[in-house]
Amino acid sequence: MKFIYQTWWKVIAVLLVLSTFYTGLVFKAPRLPIIHETIRNLYFHVPMWMGMLTVFVVSVYFSIKYLQTGKEEHDLAAVECVNTGLLFYTLGLLTGMLWAKYTWGEFWSGDPKQNSAAIAFLLYCAYLVLRNSIDEEQKRAKISAIYNIFAFPIMIVLIFVLPRMTDSLHPGSGGNPAFGKYDLDNGMKVAFYPAMLGWSFIALWIATIRYRIRLVENKKNAIN
Amino acid sequence: MKKLSLVLLLVLCCTAVFAQQGQQVEMADALRSSGKIYVVVATISIIFTGLAIFLFTIDRRLKKVENQK
Numbered sequence: 001m002k003f004i005y006q007t008w009w010k011v012i013a014v015l016l017v018l019s020t021f022y023t024g025l026v027f028k029a030p031r032l033p034i035i036h037e038t039i040r041n042l043y044f045h046v047p048m049w050m051g052m053l054t055v056f057v058v059s060v061y062f063s064i065k066y067l068q069t070g071k072e073e074h075d076l077a078a079v080e081c082v083n084t085g086l087l088f089y090t091l092g093l094l095t096g097m098l099w100a101k102y103t104w105g106e107f108w109s110g111d112p113k114q115n116s117a118a119i120a121f122l123l124y125c126a127y128l129v130l131r132n133s134i135d136e137e138q139k140r141a142k143i144s145a146i147y148n149i150f151a152f153p154i155m156i157v158l159i160f161v162l163p164r165m166t167d168s169l170h171p172g173s174g175g176n177p178a179f180g181k182y183d184l185d186n187g188m189k190v191a192f193y194p195a196m197l198g199w200s201f202i203a204l205w206i207a208t209i210r211y212r213i214r215l216v217e218n219k220k221n222a223i224n
Numbered sequence: 001m002k003k004l005s006l007v008l009l010l011v012l013c014c015t016a017v018f019a020q021q022g023q024q025v026e027m028a029d030a031l032r033s034s035g036k037i038y039v040v041v042a043t044i045s046i047i048f049t050g051l052a053i054f055l056f057t058i059d060r061r062l063k064k065v066e067n068q069k
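Quick mapping for you: the protein sequence lines, in order, are chains A and B.
For the first sequence, the UniProt record's numbering assigns the number 1 to the initial residue and increments by one for each residue that follows.
For the second sequence, the UniProt record's numbering assigns the number 1 to the initial residue and increments by one for each residue that follows.
Just to be clear, a hint being listed does not mean it is correct.
[Unchecked claim] Restricting the straight-line Cα-Cα distance to at most 27 Å, the calculated cross-link-like pairs of lysine-lysine (DSS-like) are:
1. Lys63/B - Lys219/A
2. Lys2/A - Lys64/B
3. Lys71/A - Lys2/A
None of these hints come from the bench; they were simulated from the model.
Just chain A, same shape as in the assembly:
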């Protein structure tokens, strides 16, 4: 638990993301039709999903931990990770919609990737609704931990597996080459990998801050 109180990794995260504003916007990118310069969204839209994934994985880890130990802190950590993950989820959806408007023609064209991302979003909203609907603390923690563990693999399948098996317009799906195979040349990796790593740690940072506030709130409520 000491890790979340240290500063060095937060500085590294900020520096990594800062570097992508230069490398991502100035360095050369492949010239592709329709996509044009929006290929640079790879450094800003995709890392949102990476950040979301990171905090959701941590959330599942703490849900499992809670079921093992029954400590309340683990439950609080799981909730705050989901809260932070939903922020990055929303940002990923909105930036994706904007990109879709100028490449596919519509903000929302019912593409399999968009639809299943919306379903998975509701899946995680249901997690928060479920939590708020149970008053008894231990029961709430246990049920929501189990729900969280099941929601995670379903989210993974909905967002990262199913759209790839059908005809989705999204890069990396249904016969569309992912940037990784043909287009992600070494020049793009210079900006892409730092962006992924940096945003992951920033997501983690936000989650730890929310967790720490939650801990203080919890302690106060216990005294009163």
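Place chain B on chain A using the hints.
Just chain B now, with coordinates in the frame of chain A:
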């Protein structure tokens, strides 16, 4: 009078349709210009705005905790 206005309306419809020809169809030009780079700019703005709003909510929550003392 009704007939006349109907005819006029139909004629105007025709001209409206003809007006489409010979023009560029692509719209929302501001964001499509310069190789669509402003889509990337808007993306970064959305991300920053989202983070800022989130920061404000965290700030308000922390204030509540501080004021309870």
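Hints versus structure:
1. Restraint check for Lys63/B and Lys219/A: the C-alpha separation of about 16 Å stays at or below 27 Å, so the hint holds.
2. For the hint pairing Lys2/A with Lys64/B, the CA-to-CA distance comes to about 26 Å; that is within 27 Å, so the pair holds.
3. Only pairs whose Cα atoms come within 27 Å are accepted, and Lys71/A paired with Lys2/A is accepted, the gap being roughly 17 Å.
No hint from the list above goes unmet by this structure.
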